[in-house]
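*Asks:* Based on the sequences and whatever the hints tell you, model everything.
Here's the letter readout for the chains.
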Amino acid sequence: MIKKYDNKIGFREFFAIVFFAIGMKLTDTTPILLVKLGLNASWMIPIISGMIILVSFLFLLSLLKRYKNKSLIDIIYHLTGKFFGFFMILLLFLMVLEYLVVSTRDYADILNTLFYLRTPLKYLLIMLIVAAIYIAYKGLNIIGSLCWFTYPLIQLVFVFLILLSWEQLDFNYLFPLGGSGMRTILKEGVVHSSIVSEIILLSIFFPKVRSYKEYRNANLAGLGISVIFISIFMICFICTYGYLALSSITYPYQQITRLVSLGRFAKNMEAFFLGFWTIGVSVRFGAYFYAAATLGGSLLKIKNPKTLLPYLAIVVYILARLPENFTEYVFSVRKVWVTILWGYLLSLSPFLWTVAKLKGEYKT
Amino acid sequence: MPSIKITKKSKEDKSNNIPASPTNAENLTGNLQSDLERFKTIFFFPQNKDFVIRTIRLKGFHLDGAILYLSGSSSINALTSNIIKPLMESAPENKEDNPIDYIVNNIITSKNSQSISKISDITKDIVKGNTIVLLQGFPEALSISTTEFEHRPVEKPVNENVIKGPKEAFVESADTNRSLIRKYLKCESLVSESIEVGEQSKNDIYMMYIKGIADPNLVNAVRKKIKSIKTDFLPNVSILEQFIEERSYSLLSTILYTERPDRAAAFLSEGHIVLITDGSPGCLIVPVTFWAFFHAAEDQYQRWFYGNFIRIIRLLAVVISLLTPGLYIAIVNFHGEMIPSDLAVSIAAAREVLPFPVITEILLMEISFELIREAGVRVPITIGPTIGIVGALILGQAAVEANIVSPVLVIIVAITGLSSFAVPETALSYTIRISRFILLIAGASMGFLGISLVLVMGLAYILSITSFGVPFMSPVAPHYPSSNDNYLRAPTFKQWLRPANISQLNPIRKKSKRK
Numbered sequence: 001m002i003k004k005y006d007n008k009i010g011f012r013e014f015f016a017i018v019f020f021a022i023g024m025k026l027t028d029t030t031p032i033l034l035v036k037l038g039l040n041a042s043w044m045i046p047i048i049s050g051m052i053i054l055v056s057f058l059f060l061l062s063l064l065k066r067y068k069n070k071s072l073i074d075i076i077y078h079l080t081g082k083f084f085g086f087f088m089i090l091l092l093f094l095m096v097l098e099y100l101v102v103s104t105r106d107y108a109d110i111l112n113t114l115f116y117l118r119t120p121l122k123y124l125l126i127m128l129i130v131a132a133i134y135i136a137y138k139g140l141n142i143i144g145s146l147c148w149f150t151y152p153l154i155q156l157v158f159v160f161l162i163l164l165s166w167e168q169l170d171f172n173y174l175f176p177l178g179g180s181g182m183r184t185i186l187k188e189g190v191v192h193s194s195i196v197s198e199i200i201l202l203s204i205f206f207p208k209v210r211s212y213k214e215y216r217n218a219n220l221a222g223l224g225i226s227v228i229f230i231s232i233f234m235i236c237f238i239c240t241y242g243y244l245a246l247s248s249i250t251y252p253y254q255q256i257t258r259l260v261s262l263g264r265f266a267k268n269m270e271a272f273f274l275g276f277w278t279i280g281v282s283v284r285f286g287a288y289f290y291a292a293a294t295l296g297g298s299l300l301k302i303k304n305p306k307t308l309l310p311y312l313a314i315v316v317y318i319l320a321r322l323p324e325n326f327t328e329y330v331f332s333v334r335k336v337w338v339t340i341l342w343g344y345l346l347s348l349s350p351f352l353w354t355v356a357k358l359k360g361e362y363k364t
Numbered sequence: 001m002p003s004i005k006i007t008k009k010s011k012e013d014k015s016n017n018i019p020a021s022p023t024n025a026e027n028l029t030g031n032l033q034s035d036l037e038r039f040k041t042i043f044f045f046p047q048n049k050d051f052v053i054r055t056i057r058l059k060g061f062h063l064d065g066a067i068l069y070l071s072g073s074s075s076i077n078a079l080t081s082n083i084i085k086p087l088m089e090s091a092p093e094n095k096e097d098n099p100i101d102y103i104v105n106n107i108i109t110s111k112n113s114q115s116i117s118k119i120s121d122i123t124k125d126i127v128k129g130n131t132i133v134l135l136q137g138f139p140e141a142l143s144i145s146t147t148e149f150e151h152r153p154v155e156k157p158v159n160e161n162v163i164k165g166p167k168e169a170f171v172e173s174a175d176t177n178r179s180l181i182r183k184y185l186k187c188e189s190l191v192s193e194s195i196e197v198g199e200q201s202k203n204d205i206y207m208m209y210i211k212g213i214a215d216p217n218l219v220n221a222v223r224k225k226i227k228s229i230k231t232d233f234l235p236n237v238s239i240l241e242q243f244i245e246e247r248s249y250s251l252l253s254t255i256l257y258t259e260r261p262d263r264a265a266a267f268l269s270e271g272h273i274v275l276i277t278d279g280s281p282g283c284l285i286v287p288v289t290f291w292a293f294f295h296a297a298e299d300q301y302q303r304w305f306y307g308n309f310i311r312i313i314r315l316l317a318v319v320i321s322l323l324t325p326g327l328y329i330a331i332v333n334f335h336g337e338m339i340p341s342d343l344a345v346s347i348a349a350a351r352e353v354l355p356f357p358v359i360t361e362i363l364l365m366e367i368s369f370e371l372i373r374e375a376g377v378r379v380p381i382t383i384g385p386t387i388g389i390v391g392a393l394i395l396g397q398a399a400v401e402a403n404i405v406s407p408v409l410v411i412i413v414a415i416t417g418l419s420s421f422a423v424p425e426t427a428l429s430y431t432i433r434i435s436r437f438i439l440l441i442a443g444a445s446m447g448f449l450g451i452s453l454v455l456v457m458g459l460a461y462i463l464s465i466t467s468f469g470v471p472f473m474s475p476v477a478p479h480y481p482s483s484n485d486n487y488l489r490a491p492t493f494k495q496w497l498r499p500a501n502i503s504q505l506n507p508i509r510k511k512s513k514r515k
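For the record, the sequence lines run as chains A and B.
Be aware that the first sequence starts at 1, since it is given in my numbering, and climbs by one per residue.
Be aware that the second sequence starts at 1, since it is given in my numbering, and climbs by one per residue.
It is worth saying that the hints were derived from the structure and are not from the lab.
Keep in mind that a hint or two might mislead.
As a list, the in silico BS3-like pairs of lysine-lysine whose alpha-carbon atoms are at most 30 Å apart [to be verified]: (1) Lys224(B) / Lys8(A); (2) Lys494(B) / Lys8(A); (3) Lys5(B) / Lys230(B); (4) Lys211(B) / Lys8(A); (5) Lys138(A) / Lys225(B); (6) Lys494(B) / Lys213(A); (7) Lys225(B) / Lys8(A); (8) Lys138(A) / Lys224(B).
Distance ranges between label pairs, derived from CB positions [to be verified]: (9) Val130(A) / Arg247(B): 39 to 47 Å; (10) Ile318(A) / Pro407(B): 47 to 55 Å; (11) Phe86(A) / Leu316(B): 51 to 59 Å.
Think of the CB as a built atom: it goes at the ideal place given N, C-alpha and C, for glycine as much as any other residue.
*Replies:* Given below as structure tokens:
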């Protein structure tokens with residue numbers, strides 16, 4: 001039975017947060033990153049990453065079940081002490097910050113190159129950040145509600161886009177199924193598990209979720225739906241362009257919205273998809289900003305993470321404006337980050353679990 | 001120039017100088033003459049023609065007495081036939097009895113009477129329309145209920161019309177309104193508490209709720225909120241609404257005003273609280289969610305398919321009236337490629353001769369439309385038809401022919417206006433009418449991106465506000481168990497769950513047939 005004013009979020013809200021955090025990646029440069037490695041079989045990479053991360057997630061679940069009402073941050077501090085814990089959380093924080101910087105700049109670039117050619121980049125960045133900060137200020141409960149409220153809309157739009165692009169899909173592009181070879185796919189799937197690593201990261205909000213069961217189901221469902229959608233969209237991209245052309249496109253999602261049409265009268269629908277995409281993106285950034293603020297708050301021992309938000313906004317804005325040639329930057333920096341981080345992310349929860357086991361925490 | 005300085009302290013000083021108002025501890029003395037003198041000073045007797053003192057001789061008891069009432073507040077008919085006549089004619093069977101008790105139990109034929117002795121209570125009762133009987137030698141008075149204020153008869157609702165369903169509305173009498181609600185809810189646990197508010201004018205606020213369904217914490221919170229109101233005059237629920245709402249500067253209303261007793265009863269049965277006062281042809285419902293503003297009574301009275309159809313139409317109306325001008329300007333200014341080429345050509349051809357940019361045009365038309373709307377409400381009925389002529393002819397046709405606005409824009413403004421009339425609740429309608437301008441500016445400055453960003457921030461705001469602790473968009477987001485009566489509704493037999501965001505005391509409305 002739900003308590004009325006318990007200030008917590010339930011299955012649906014958390015599920016939607018997971019979906020926005022992971023699933024929305026299909027609209028940025030992530031698919032291109034994968035296609036360059038996996039070629040025409042790159043749609044399998046998210047599935048493999050999802051399965052790999054699941055193993056890590058099971059360790060995490062066991063930890064969360066053991067330490068009721070403790071978030072990932074608390075568990076790290078509890079198991080590894082203040083000193084090591086600080087660095088581990090710092091790494092997490094930097095990860096989120098880096099991702100925020102890269103994606104805000106990424107999305108601002110998309111807007112700048114495809115839709116608002118004459119608007120200076122800085123204004124687009126400011127607009128995105130202001131909207132996200134406003135949402136983040138409302139706190140996790142409102143972010144959860146917002147995600148759940150807009151989830152059906154975004155989901156419908158995604159399905160709508162798939163249906164619209166159906167006529168131009170050429171499924172022959174998928175073959176040979178193996179692509180660059182099963183070994184490569186498997187390897188890249190493991191290495192790129194950071195694209196679905198949000199389910200590990202989001203466990204910093206575990207105490208905010210009503211029950212362990214709801215948390216587990218929300219994560220599994222959110223991960224499943226997100227991975228399925230990323231894969232389906234990658235199939236769509238591959239089947240529309242062919243992997244060779246695709247790897248030279250920067251923004252496949254936006255490009256595909258330019259290709260589709262609804263009959264003779266609605267030939268150009270990209271602005272329609274832009275509207276919904278903006279909603280999804282700002283909600284997602286809101287969640288990310290809040291996560292970054294929570295991590296940063298725990299590093300600086302600040303009780304209310306919201307006080308960090310304005311500073312974070314400024315930092316993200318400055319860092320996002322630094323790179324000159326962003327497209328190159330995204331691919332190079334993200335490649336480096338992704339390869340460094342996958343090990344950390346995948347091993348974090350098994351490591352913590354082993355420490356707990358060695359310490360004998362599971363015995364009582 | 002003399003200056004007038006008003007401070008809080010000077011008000012207190014002034015109130016001390018008024019001799020008339022009785023203190024709380026003051027009691028009747030038992031001496032008829034001195035008590036009467038006291039009431040004369042309280043009610044400013046010789047000047048105040050409405051205050052009546054009628055002396056009376058109770059033959060049977062061998063006592064002198066006086067009857068006090070305010071004419072206009074009490075029923076003269078009840079006074080003469082239920083009080084004066086029986087008092088003068090009857091005699092006690094047993095002389096040792098206390099005459100006051102004897103009169104209450106055996107003589108007065110009025111529906112309600114009691115004995116009181118505090119002068120402040122007596123004053124209050126007289127103001128409320130009760131009749132007071134004072135007897136020589138007794139420090140107690142009889143307060144007999146004879147309240148009767150004039151009000152109109154029960155009429156049809158003016159704002160919340162239905163095709164199928166009850167067609168009676170609240171009137172400006174709290175008694176009638178409560179009786180109307182009780183007609184729909186024949187339930188022994190329906191409680192109506194009365195709370196007195198106002199320092200000068202003492203008005204009763206009736207708080208109705210169903211014990212066992214309404215959340216007791218909520219009831220306490222509302223009661224506390226009403227009791228904390230500091231005002232000297234609270235004439236009706238419209239003012240009460242502004243006193244108890246949580247966000248006075250917000251664009252959104254979090255309290256529902258309805259004039260339909262059937263709707264009030266339906267809300268009561270879900271655990272809401274209804275507030276009623278004299279002087280309002282309507283009641284307040286707290287707490288409410290967005291869906292209460294979006295729904296109309298008709299949705300439930302029409303069959304499932306028809307009810308949902310009109311709900312979809314109304315959802316469309318909300319979206320259209322909120323977004324159309326903003327979307328139009330965004331498409332024309334930023335996303336011209338979205339318009340099919342044939343239409344684009346015709347729009348461009350129409351715009352060729354126009355001197356103004358689109359935003360000027362659209363603001364001009366929107367403001368004119370709002371003017372027509374406001375004028376239509378304020379205009380005296382006899383010259384009402386002029387509005388139609390001015391609106392349709394001058395603003396529509398003449399503006400187009402004079403090349404001030406494009407014909408497409410007239411269609412846009414017309415469909416926006418039409419949709420905003422389909423929004424059932426005036427509070428929501430105001431919200432939409434005002435937010436439309438915000439979205440218009442967003443669309444004019446940043447196209448779809450601006451509209452989306454404003455929308456998502458607005459949505460975050462709406463989701464964050466609460467009405468007496470209940471999230472405004474619940475039970476959808478955050479999700480609560482309910483009968484899913486939000487965008488659409490389930491068939492009546494499937495609505496067996498009370499919404500858990502309002503109250504969780506008694507969640508099952510009736511047993512479900514299917515397990």
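*Asks:* Please go over all the hints and tell whether each is borne out by the structure.
*Replies:* Structure-based check of each hint:
no.: 1; hint: Lys224(B) / Lys8(A); result: 26 Å, holds
no.: 2; hint: Lys494(B) / Lys8(A); result: 28 Å, holds
no.: 3; hint: Lys5(B) / Lys230(B); result: 21 Å, holds
no.: 4; hint: Lys211(B) / Lys8(A); result: 28 Å, holds
no.: 5; hint: Lys138(A) / Lys225(B); result: 26 Å, holds
no.: 6; hint: Lys494(B) / Lys213(A); result: 28 Å, holds
no.: 7; hint: Lys225(B) / Lys8(A); result: 26 Å, holds
no.: 8; hint: Lys138(A) / Lys224(B); result: 28 Å, holds
no.: 9; hint: Val130(A) / Arg247(B): 39 to 47 Å; result: 22 Å, violated
no.: 10; hint: Ile318(A) / Pro407(B): 47 to 55 Å; result: 49 Å, holds
no.: 11; hint: Phe86(A) / Leu316(B): 51 to 59 Å; result: 54 Å, holds
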